[in-house]
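Listed below are the residues making up each chain.
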Amino acid sequence: MGENALALIQYLSSSDSPVAKLTEGYSRPTTVFYAHVGPTFFMYSFSTAKIMYSALLVASFVLVRLTFVDPAPALKAGHGFWREQGKGAIAVTAGIAGTLLLPNVVAVVMRSVLNKGMSWFKNPLAPIGLYGPAALLGTSK
Amino acid sequence: MDLLLCLVRLNNFFVQLPSDDRLIFCFCFSGAMISQYLVGEVHEQSVFTALLLIQAFVALSVQLANIGSAAIFFLTALPLFVVLALNPLFVGSNQRISLWTYGLGQFLPSLSGSLLLLGVVEVFVPLVSFIYLCTSKFFATSVLLSLVFLFWMLTFSFFFPSNRLVASALTLQRIISWLLSSQAWVRFPSLSCCHLRTSSDAASCLEASCS
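These protein sequences, in sequence, are chains A and B. Take 1 as the starting number for the first sequence in this note's numbering and just add one per residue. Take 142 as the starting number for the second sequence in this note's numbering and just add one per residue.
It should be emphasised that the hints constitute simulated quantities derived from the structure, not laboratory data. Treat the numbers as computed from the prediction; the structure is a model and nothing was measured. Misleading hints may appear alongside valid ones.
No farther apart than 20 Å at their CA atoms in a straight line, the calculated lysine to any residue pairs in the SDA-like style are these [said to hold, decoys possible]:
(1) A:Lys50 <-> A:Phe61
(2) A:Lys21 <-> B:His184
(3) A:Lys21 <-> B:Phe198
(4) A:Lys50 <-> B:Val199
(5) A:Lys50 <-> B:Ala206
(6) A:Lys50 <-> B:Gly209
(7) A:Lys50 <-> B:Phe198
(8) A:Lys87 <-> B:His184
(9) A:Lys87 <-> B:Ala206
(10) A:Lys87 <-> A:Val108
(11) A:Lys50 <-> B:His184
(12) A:Lys50 <-> B:Leu259
(13) A:Lys87 <-> B:Ile208
(14) A:Lys50 <-> B:Ile208
(15) A:Lys50 <-> B:Arg237
(16) A:Lys87 <-> B:Glu185
(17) A:Lys50 <-> B:Ser255
(18) A:Lys50 <-> B:Glu185
(19) A:Lys87 <-> A:Lys50
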């Protein structure tokens, strides 16, 4: 930590430091970089990212279309694929809404009804323990 | 390693809880089937494929909008894509989603989601607790909760498609609730020095630690 801070300070105070250029305004990032699963570090440009993500979307669409089996082929002739994906998307969206809403509802109850608004601050992981089940309940469609 | 640490901490946290908080936990754990009624029965594979398509679509559209990097959606969609391609190998002629598909497909998303989640809670829970103490504004806690559960959702997105998984999770939760409510926990003395139960408790505790 100390070595990292020293290296940062030395770099930022040197002649090729980017600090002076910051007055010219903010420039948007153009590189994707992250460390994932331990020491593995990934770095690629935004254009590479666009190509990769487009490829994934197209490949997923093809895969989903190929593996699609109409759950009720006799009843719903035609448009089965889009109808099913739409229903799936509604279920996912409802799950997202539930995951975000229910912990907040429980928090309001905790604060207003039970008067225990502070009880989830005693440990950084406490909100997960307290509101996680409620979020999961929202997640399960 | 981080996950292990997280589990150990969570366990320590449960042990420290006063008994009436444990009751609230049990309440949260037990009512978990209610939202099944909100959306009707949807085919499991449709939800799974819709989840993959939505994540791949969000990854591409956020990246195209040049807002920033959408790598997290890519990182969660890619394993889903791979296991969906492998799914026929697991299930054979049976047209279902195998539990192996869920297990393998969620390993990496769970890992990336939990790592992001840990970083967020470690910094923001103490920070927001001070904001809440000073201003009593509920808005900050609401924003924090939504942020935390956005990552929670990435971690546990495999609960969207499957009722089978929800059922197993419920069994697990019942066991946990039983453990929490059983007398075994009472024998362990509380380890924490102060329980922040209400804001006045917290204020007096802060005063005590400052003086």
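Structure-based check of each hint:
no.: 1; hint: A:Lys50 <-> A:Phe61; result: holds (16 Å)
no.: 2; hint: A:Lys21 <-> B:His184; result: violated (55 Å)
no.: 3; hint: A:Lys21 <-> B:Phe198; result: violated (36 Å)
no.: 4; hint: A:Lys50 <-> B:Val199; result: holds (12 Å)
no.: 5; hint: A:Lys50 <-> B:Ala206; result: holds (10 Å)
no.: 6; hint: A:Lys50 <-> B:Gly209; result: holds (12 Å)
no.: 7; hint: A:Lys50 <-> B:Phe198; result: holds (11 Å)
no.: 8; hint: A:Lys87 <-> B:His184; result: holds (8 Å)
no.: 9; hint: A:Lys87 <-> B:Ala206; result: violated (27 Å)
no.: 10; hint: A:Lys87 <-> A:Val108; result: violated (31 Å)
no.: 11; hint: A:Lys50 <-> B:His184; result: violated (31 Å)
no.: 12; hint: A:Lys50 <-> B:Leu259; result: violated (28 Å)
no.: 13; hint: A:Lys87 <-> B:Ile208; result: violated (29 Å)
no.: 14; hint: A:Lys50 <-> B:Ile208; result: holds (13 Å)
no.: 15; hint: A:Lys50 <-> B:Arg237; result: violated (32 Å)
no.: 16; hint: A:Lys87 <-> B:Glu185; result: holds (10 Å)
no.: 17; hint: A:Lys50 <-> B:Ser255; result: violated (26 Å)
no.: 18; hint: A:Lys50 <-> B:Glu185; result: violated (30 Å)
no.: 19; hint: A:Lys87 <-> A:Lys50; result: violated (28 Å)
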